[in-house]
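Visitor: Read off the chains here:
There are 2 protein chains.
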Amino acid sequence: MANQPLHITLFGGGNVATHLAKNLLTLPDVRLQQIYNRHLDAIKAFEQNTEIIDDLSKLKPADMFILALKDDAIVPFSKKLQAFDTLTVHTSGSVAMTDLQTRRKGVLYPFQTFSKDKPDIDFSNIPILIEAENDTDLILLENLGKLLSDNVQIVDSEQRKALHIAGVFAANFVNYMYRQAAELLQDHQLSFDLVKPLIMETAQKVQTLSPAEAQTGPASRGDFKTIRKHLDFLKIGSKSELYQYLSELILKEIGNKK
Amino acid sequence: MANQPLHITLFGGGNVATHLAKNLLTLPDVRLQQIYNRHLDAIKAFEQNTEIIDDLSKLKPADMFILALKDDAIVPFSKKLQAFDTLTVHTSGSVAMTDLQTRRKGVLYPFQTFSKDKPDIDFSNIPILIEAENDTDLILLENLGKLLSDNVQIVDSEQRKALHIAGVFAANFVNYMYRQAAELLQDHQLSFDLVKPLIMETAQKVQTLSPAEAQTGPASRGDFKTIRKHLDFLKIGSKSELYQYLSELILKEIGNKK
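Protein chains in written order, with numbering that gives the first Met the number 0: chain A, 0 to 257; chain B, 0 to 257.
Some clues are possibly wrong.
Which copy is meant is left open, so a pair is good if it fits within one copy or across any two.
Here are the simulated DSS-like pairs of lysine-lysine, each with C-alpha atoms no more than 30 Å apart in a straight line [what the hints assert, rightly or not]: (1) Lys228 to Lys238; (2) Lys195 to Lys238; (3) Lys79 to Lys69; (4) Lys145 to Lys79.
No lab work stands behind these hints: they were computed from the structure.
Let's have the full structure, built from the sequences with the hints guiding it.
Guide: Written as structure tokens, this is what we have:
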């Protein structure tokens, strides 16, 4: 990387933008020179550290524009940047790179769940998936990616979409399962705390084992008696239907292996 | 607790029995005097530390018999112990205490997932759920539970069953979601490693937030456009059906809140 710091302008005021801004500000080889947002109050926290703007006519020349915007906003917003020759990247898992309406296009997708409630997220362990239309831009993006994270990988838009969907299963749907557990415990005057160590251990397990190896439970051992007992206990309702649906899928899977 | 150590005999050679034996052997106030198993080879690892037996006629008097057996084996095996006046407990989440055929009955249910691949499991953070027919036995069980874990709770058989089912959702079904993610990544030449930080973060989140608060994803924000894109990407098949089924459940939930 050159001695000159990388000049970056960030667009957005949501979770990803906020966490990205915090991390970019810690990097000595990066100069986060401006943050743009339609409403200045969402980015007011950064006014000590960088210039905050709500007017595109104030944009300064930069090496990279990062659009950390909602999926729906990316394409229309990118149209406003058509006049610039700056490499413009979005941070979304599900928008194709080629949808960007700028001259130079790329993607910098940090693959993690971001919530407002967690004030500090260290990017160094978060996989960053990058994509660009040409090698020069890809190198620029890779340089930035490596400053942020130890895990930078080049993936195309198709792979990025697969990863995004994998994330829906591994995070959103997983959380929905946690929720079923929480409701069930509450219905029986039991604390959700009881299930927390199990949740951590289940996540830990697949850090070293494959999920196929780690699968346990009544359905995975073909224990119809326990499945029946559980369904009787749950009675008729959405939890019982969900239990049955997932158990049948798991049973089918072990059937296929035999 | 009296100065006299608690004399315990353990029955079983599976995961729960093995991890329980290892932990019991570390307790100064407990004497694990015998381990019984039908096949001695499964418990051979303990022969330096305790007496291992495969013959019930060799049983010595004890304060407690712990049946760490498979669900199906508990009731028939307990019949063989009808002659004893020893408090006999099982370690199962789904067998009712009253199903035991012994004179004195109880349950000591460590609520965690145990796998052979993990050699050492520290019980101190694992919730232990206990139940007994009378107060004397409950105190005996509580004393043992507290030696093993910082988290001992008295729950009845109905609550224990609810907890067990909650565990199926929070561990077994969760792991099945991990599996969907793993398959999807493999289909697109991507490593499962990419999703591991997200899995940990998702589990971490509900250690402090409720799952309802922690819910994110296309369905939870009513983002039909992304759901449609993902379903198109998954094409027809079990993953697409599962994605749609769970998304509809989550959509219904946010609909109910409005």
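Visitor: A separate judgement is required for each hint: does it hold in the structure or not?
Guide: Tested hints:
1. Lys228 to Lys238: both (14 Å within a copy, 27 Å between copies)
2. Lys195 to Lys238: both (20 Å within a copy, 27 Å between copies)
3. Lys79 to Lys69: within (16 Å within a copy, 65 Å between copies)
4. Lys145 to Lys79: So Lys145 and Lys79 pass the 30 Å test inside one copy only (29 Å; across, 65 Å).
Of the numbered hints stated above, none is contradicted by the structure.
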